[in-house]
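Please model the entire structure based on the sequences and the hints provided.
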Amino acid sequence: MADEGREMLRESLLSQLNQSLDDRVDRYLSVNHQWVTGNHHFAHASSECLDLYRDGYFLSCVVVTQAVSDGIAKFVAECNRVTRQEGETNQRLVRRMQQQGIVLCPFAKAFDRIQCSFRNDYHHMNPPVGNLDHEVFAKRNIFDLATIEREIFDCSIGDGGTLVPKNLLYWDIAPDGTVPAFLRLA
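When the letters of the sequence shown are read in order and numbered with the working numbering, they come out as residues 1372 to 1557.
Among the hints, a few may not be true.
To be verified - Lysine-lysine pairs mimicking BS3-like chemistry, simulated, CA-CA at most 30 Å apart:
| no. | residue 1 | residue 2 |
| --- | --- | --- |
| 1 | Lys1537 | Lys1510 |
| 2 | Lys1445 | Lys1480 |
| 3 | Lys1445 | Lys1537 |
| 4 | Lys1480 | Lys1537 |
Since the hints were made in silico from the structure, they are not lab data.
Everything numeric in this text was worked out from a predicted model, so none of it was measured.
Here it is as C-alpha cells:
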C-alpha cells in the first residue's frame, strides 16, 4: 500500500510539474538576477527567493525578499562600520547610507519598494494580505533584490576564469586570492 501511495504522489507531482513547466521557465528567464553573490549568511535565502518566484510561490517570495533585503542592508552597514541609531528602521538606515555615498540611489529605491510592499501585513498575516496580488509584488521584489545584489556583488570574470569582484568590501577574499561565492547559474 505504501508503494502505491508513493507512486500516486510521484505521478501527481510530475503532472503538476509538467503542467507548470513552461510558466516556471518563463518566470525564471524573465528575471535578470545576480548570478553570483558572496557566500554570506543570506546567500542561500536569496537564491530561494528566485526559486520561490520561479515555482509560483508568490506570497512566500514576497516575505523572503523582504527578509533578505533587511539582511543585506544590515550586512552593508556592518561592512561600512555604520551603526544603527536608536529606533532607526532599516529604511532610514539605507537612506542614511545613501546620503553618505555608501549605496547608490537604485539600491535605496529598490530597498524602499521591497519594504513598502505591505511588509507588516505580510509578516503578520494581517487581513489585507488576502486581497493583494502576490504575483505582482513578488515579481517587483525579485527585480529589486537583483538591483540590490548587483550593486554590492557586481563582478566580472578575469584571466583563467577567476572571479573579479567590483567592490572588494563585500567579499571575503582569502590570502591566496580565492573568493567563497554562491553561484546561481540555473
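Verification of the supplied hints:
no. : hint              : verdict
1   : Lys1537 / Lys1510 : holds, 27 Å
2   : Lys1445 / Lys1480 : holds, 16 Å
3   : Lys1445 / Lys1537 : holds, 20 Å
4   : Lys1480 / Lys1537 : holds, 21 Å
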